[in-house]
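**Q** The chain contents come next:
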Amino acid sequence: MKINNVSSISNNNLTQNANLKNNNGNNNVAFKGNILKDLFSKEGLSNVLTLKRQGPMGRDLFIYNAFVFLLGTRFITSRDNNERRETLVRDVPSIILAVKGVPMFANACASQIQKMTGFAFMADPNKKSEGTASYGQLEDWYKYNKDLHSGFNGFCQRLVDQNGNLNKIFSYLNGDIKKDIKTLDKNNEFSDNKKFMNKLFDGSEESNALKGKLEELLSKDNKALKQASFLKTGSAMVGYAVTLGLLGIFIPKLNIAVTEKLNKDKEAKKQNAATAVKVS
Amino acid sequence: MKVASVPKTNLDACVCGNSNVQHQSVKLGETPKDSVSFSGVKDKATGLFKWIDKQGFFVEFLIVDTISMICPRVLVGLNRDRDKTGQYNYKAAAEEAGREILSGPSMNLIPMGILAAVSAFKPASHMNKGTLGAFAELMNKVIDKSPSLSKVSKDDLNTRLANQLFDESFGHLSFANGDKQKLKYKQTFTDLLVGSTKTTKKFFNTGAFDRNAEEFESVVTEINNKGFVKGEDKASLHANSVNLCKNEKGEPLASLTGKELYEDFHNYSKDVMSKLSELKFGSDSVKKAKDFVRDISDARIALKTTSAIAAFFAVGTFLLYLPKLYQQGKVSPAEESAKRAKAEGGTNENK
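Listed in order, the protein sequences are those of chains V and D.
Take the first sequence: its position 113, counted from the start at 1, is 931 in my numbering, and no numbers get skipped.
Take the second sequence: its position 241, counted from the start at 1, is 732 in my numbering, and no numbers get skipped.
Think of the hints as simulated: they come from the structure by calculation, not from any bench.
Here are the simulated lysine-lysine pairs, DSSO-like style, with alpha carbons at most 30 Å apart:
no., chain 1, residue 1, chain 2, residue 2
1, V, K1084, D, K582
2, V, K1079, D, K582
3, D, K815, V, K1071
4, D, K721, V, K964
5, V, K996, D, K725
6, D, K821, V, K1082
7, V, K1017, V, K997
8, D, K533, V, K961
9, D, K725, V, K1017
10, D, K545, D, K761
11, D, K545, V, K945
12, V, K1012, D, K721
13, D, K535, V, K1031
14, D, K533, V, K1029
15, D, K671, V, K964
16, V, K1012, D, K725
17, D, K821, V, K1088
18, D, K575, V, K1088
What the simulated footprint calls covered on chain V by chain D, stretch by stretch (three residues with Cβ under 8 Å from a Cβ of chain D suffice, anywhere in the stretch; the number is not a length):
no., region
19, 914-923
20, 944-955
21, 962-972
22, 1042-1049
23, 1053-1065
24, 1082-1092
Using C-beta positions, here's what the derived DEER-type ranges look like:
no., chain 1, residue 1, chain 2, residue 2, range
25, V, K1084, D, D534, 54 to 64 Å
26, D, A834, V, N899, 14 to 24 Å
27, D, I543, V, E1034, 31 to 41 Å
28, V, N971, D, T808, 52 to 62 Å
29, V, N971, D, D775, 46 to 56 Å
30, V, K1004, D, H663, 42 to 52 Å
31, D, C562, V, K1087, 29 to 39 Å
32, V, R902, D, K533, 45 to 55 Å
33, D, Y579, V, S1009, 55 to 65 Å
34, V, M1055, D, D647, 44 to 54 Å
35, V, G993, D, D647, 51 to 61 Å
Built from N, CA and C at the ideal position, the CB exists for glycine as well.
Chain V with its partners taken away, still in its complex shape (with noise of 0.2 Å):
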């Protein structure tokens, strides 16, 4: 039996068609305060308490421990009141942002690359902080399974639920692809969704023509796959950037830069008031 984690099926995504919330610590949260707001809250605690099922411990429940150990012990055993301070300005936002940095730079870079490109991998596409569909959902979702019950319609409307753009979508596949589109496409409305699935399904010659590549090239592994695989990827690299340099560059400058001012600061205000006693 693994230790870590044993899904390997990404552990973002357990949310299910009839809504099931799944607390694994993406909370949407922009700021610091909703974070500690939701973690301490009774749901969060028993959901901490009954550790789920992704990762051995849960991100929530390493911030509980790294507060009050981490913090705590440091606090305790720091030898004067210019650690404690370091302690506080460095590791309480370092603390955060290992834990919720990544899915939290990452899942806003996401549902805005989602909005420009047209490629649909959120696993809610109405909520940023169910964080992006696993690899083997985009899987699912951007090869076309003969298997499939609802057909080609079917599948076409699962990507417009997911707010993805049909469009922008199949145009990728290739260079032939796109032209056919464009050639079906006479009155230059094909990027409202709803008016490209009429157009496509209407029964018409040209349409069953274009379907029917579409449903070949889709069945196996296509560009539109790759691309969004590559963008929900990109997302996360986004995400691992931003935290590593927040965490690495920013935060330790800033620290080494409020202990000298501080202290060139009660200096020079120690000199005034020796000079002013003096004086006087």
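Chain V is fixed; fit chain D onto it per the hints.
**A** Same frame as chain V, now just chain D:
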């Protein structure tokens, strides 16, 4: 037909009684017009992040911690006040290194160790709370249908539970080829799931188990794709998942991917079923069995909470004694730095 050895592409062929399997073929020397190249930076990056994703929070944390906390802090510590002293500040660097290397990963490793130990002894505690509840409910229904429990073997119990699971989760679906297809899927589903109880899961060598789990998940995906609810015609968003039982609001008690269900079934059977089948039941076997199932579920959930709290305090204790390991000397580098800044900020005193 031996189900365990049926390859994925053949399943449909077997179900429909047709043994011809179509493969896409590309003639030698011919490049398909829409061939997608499998090399390139994009694919490598995707592959790398797919792997990181698979490993879970621990690897993500390790990467973030090492690159952003350990390395930079050590470097910044080395260069601390270098402009004033003209030397590398080895003391500061050593303290930073000691503190970061020891505290970060240990906060993950200690709980991982505790949970692994607990799961080894009581496998059912590895399951989610919702799943345990769902399984308990399913077991109650199985017990209701099996009045003479003392004569039922462990394998038989597993089969009945798997059947019940299929009925609960997929019973509402219809299939294009009618009930015959549904029954064949039920048979495959049940056989594979019961097979999970027969495969052993060794600590580091989980290859065979994982392969079977993947096969099971592909069957679940196929059932979800092919099955439909009369009157609805939507493509399922999560074709690889199974919804277990429903509460009063109509929401499922648990939603698991096929692989997770496979593993949970294995754990549940190892822990609960083996004990259940060994109990001696007298006249009121139904009530006794139900009480047993409920009690053991409660016990496992309590064990999860206890182990979480134990992990919490174990990490805390380690962190409490950690500073003794990395602190060198009585004066912190921060204080030394402050002293240097004071010396700089103040004017020269005559005294």
